[in-house]
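There are 2 protein chains.
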Amino acid sequence: MGLLVVGSLGLDDVSTPFHKIENALGGAATYISMAASYFTAPIYLVGVVGEDFPKEYIDLLEEKNIDLEGLQVIAGGKTFRWAGKYHYDLNVRDTLLTELGVFENFDPVVPGKYQQASFICLGNIDPVLQMKVLNQMIAPKCVVCDTMNYWIEGQKDELLKLLKRVNILIINDSETRLLADEPNLIKAAKHILDLGPEILIIKKGEHGALLISKDTIFSAPAYPLESIYDPTGAGDTFAGGFIGYLHKTQDLSIDNIKRAVIYGSTMASFCVEHFSTKGLEDIGNLRVNDRYREFLNLSKCDEL
Amino acid sequence: MGLLVVGSLGLDDVSTPFHKIENALGGAATYISMAASYFTAPIYLVGVVGEDFPKEYIDLLEEKNIDLEGLQVIAGGKTFRWAGKYHYDLNVRDTLLTELGVFENFDPVVPGKYQQASFICLGNIDPVLQMKVLNQMIAPKCVVCDTMNYWIEGQKDELLKLLKRVNILIINDSETRLLADEPNLIKAAKHILDLGPEILIIKKGEHGALLISKDTIFSAPAYPLESIYDPTGAGDTFAGGFIGYLHKTQDLSIDNIKRAVIYGSTMASFCVEHFSTKGLEDIGNLRVNDRYREFLNLSKCDEL
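Those protein sequence lines, which keep their order, are chains A and B.
Residue 11 in this note's numbering is what sits at position 11 of the first sequence, and the numbering runs on without skipping anything.
Residue 135 in this note's numbering is what sits at position 135 of the second sequence, and the numbering runs on without skipping anything.
Chain A extracted, bound-state conformation (with noise of 0.2 Å):
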């Protein structure tokens, strides 16, 4: 049974110290399903684009073995669009530009055969939308789920609903202390983990990653990265490569969770050192494991 993924596909517009390009392939579902890609196949993606959408990133997809039956081509529509620059300091950037286009009136249909998918990862989208997904899924299993501040101040109420169906929830630091109302991050994931998920894991970008469940925290270091080009979708290839990985060992203990931070962390350290998802297309299962592999190293210390 295939992994399920629903979330925005986007042309993108960035710009950053070292480089600009226009029209990239961009949006959460597509950095989800490409990290994923590594992992396990077939992915099945949920999602909407415009007749824009050029045919090459169609290809694309479908090379990665991204089943894309539940993807919405509208006619006549536009593809969904952003436009961000990056400053000097990367973890800086200015949104210039969202234009939902065919999101907009977006009702996400999940095709019969996705709909037994028992592991489901809701890209963040509005959550309205991420229910109307969950809602017609027959065995979830592990719903891992991913929002943002506009969601957080906008939707609360709908998130909140969404939430106490959500095993994983994966959002940064600031959108942590954002729910919780609580600047102690500690505190903080605590007061998420009585909302409903069992896990939360807190994306800290250039500091790594904090798994917290209730009777585990674990701590996951970044990868010392001293090229990093663009940091879009870094967050979304996270979760990808996370639940590619969980999907693929269909294991839920907390040990191997604890592994699958490592592969999100480590898929996410390819995807900055390209634009867009030029780091995603064509990394080799080697180079994976050996980075996975410098990644538990990092952290080692001998206890004597």
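Just to be clear, a hint being listed does not mean it is correct.
A pair holds if it fits inside one copy or across any two, identical chains being indistinguishable in the list.
[Unchecked claim] In silico DSBU-like links for lysine-lysine, alpha-carbon gap of 30 Å or less:
(1) 214 x 113
(2) 132 x 214
(3) 85 x 187
(4) 113 x 132
(5) 55 x 113
(6) 190 x 20
(7) 204 x 85
In short, the hints are calculated from the structure, not lab data.
Fit chain B to the known structure of chain A by using the hints.
Same frame as chain A, but now just chain B:
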């Protein structure tokens, strides 16, 4: 042979959303010495206070096996004072007052019996004073140094001269970027290794610490504290636990230096749980070792 520590001793007024204290024991050398005292003895303290420095603080330091022959007490002089206010998010603080007092004309004199010390911790003071201390030492083997934005911006030439004689530099992430004039932390760290230190340790507060040498990168987690009362002195306490453990073990292998980073983090986690030096006054070795092991477990992940 004792461990030599130089730095400020002060009286602090600190307010946080939870509490407010005045005339509390503070200063870099105070925190360094008290943290190191859990690992080794004696500590040779070089510093200066005024006549207003309370007798009870002298007693406290002496109880911790801190040798005060190198502490100048200036008759009629006023002790260094600092006042700060932490916000609801304890990562943000305002400095309300800095009065140098007797520090303004401090001329550090290293007593004869201290001069053979081979482990030296240069707490965060003017690099000119740090150099004066170093010049009085006969056989430095492990020179650990802390500094801050103020000296990086105002005394760069003197600092660069000093760094050529430093083995291990301990600074935070923004200081690392500032000193190297480079936003990428890893690139910045490598640049700093070219300035003299063999090892750079980057303190990242709630995100842990990074150790970087020519061949090694080690990522240490932060302890997931739910109750942080007063972050004052955490960085100095880290340095004290770090060099205290190194001095105790006399082992400068990279594996042992990694353990020292975890011990430094351990001591810093105790420091911030209480006001001023309270968290360091009576810990007990069992609690130190328990928390050290908890730290190691935080980032443990079975490779499979």
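Taking 30 Å as the upper bound on the Cα-Cα distance, should residue 55 and residue 113 be classified as within, between, both, or neither? within (24 Å within a copy, 79 Å between copies)
For the identical chains here, do residue 85 and residue 187 meet the 30 Å Cα criterion within one copy, between copies, both, or neither? between (33 Å within a copy, 22 Å between copies)
Residue 214 and residue 113: within-copy, between-copy, both or neither at 30 Å Cα: The answer is neither: 35 Å in one copy and 53 Å across copies each exceed 30 Å.
Which holds for residue 204 with residue 85 at a C-alpha limit of 30 Å: within a copy, between copies, both or neither? both (20 Å within a copy, 26 Å between copies)
Intra- versus inter-subunit Cα pairing at 30 Å for residue 113 with residue 132: Answer is within; shortest intra-copy Cα gap is 17 Å, inter-copy 76 Å.
Reference check for the pair residue 132 and residue 214, CA-CA at most 30 Å: within, between, both, or neither? within (28 Å within a copy, 52 Å between copies)
At most 30 Å between C-alpha atoms: does residue 190 with residue 20 qualify within a copy, between copies, both, or neither? between (41 Å within a copy, 28 Å between copies)
The structure is inconsistent with hint 1 alone, although it conforms to all the rest.
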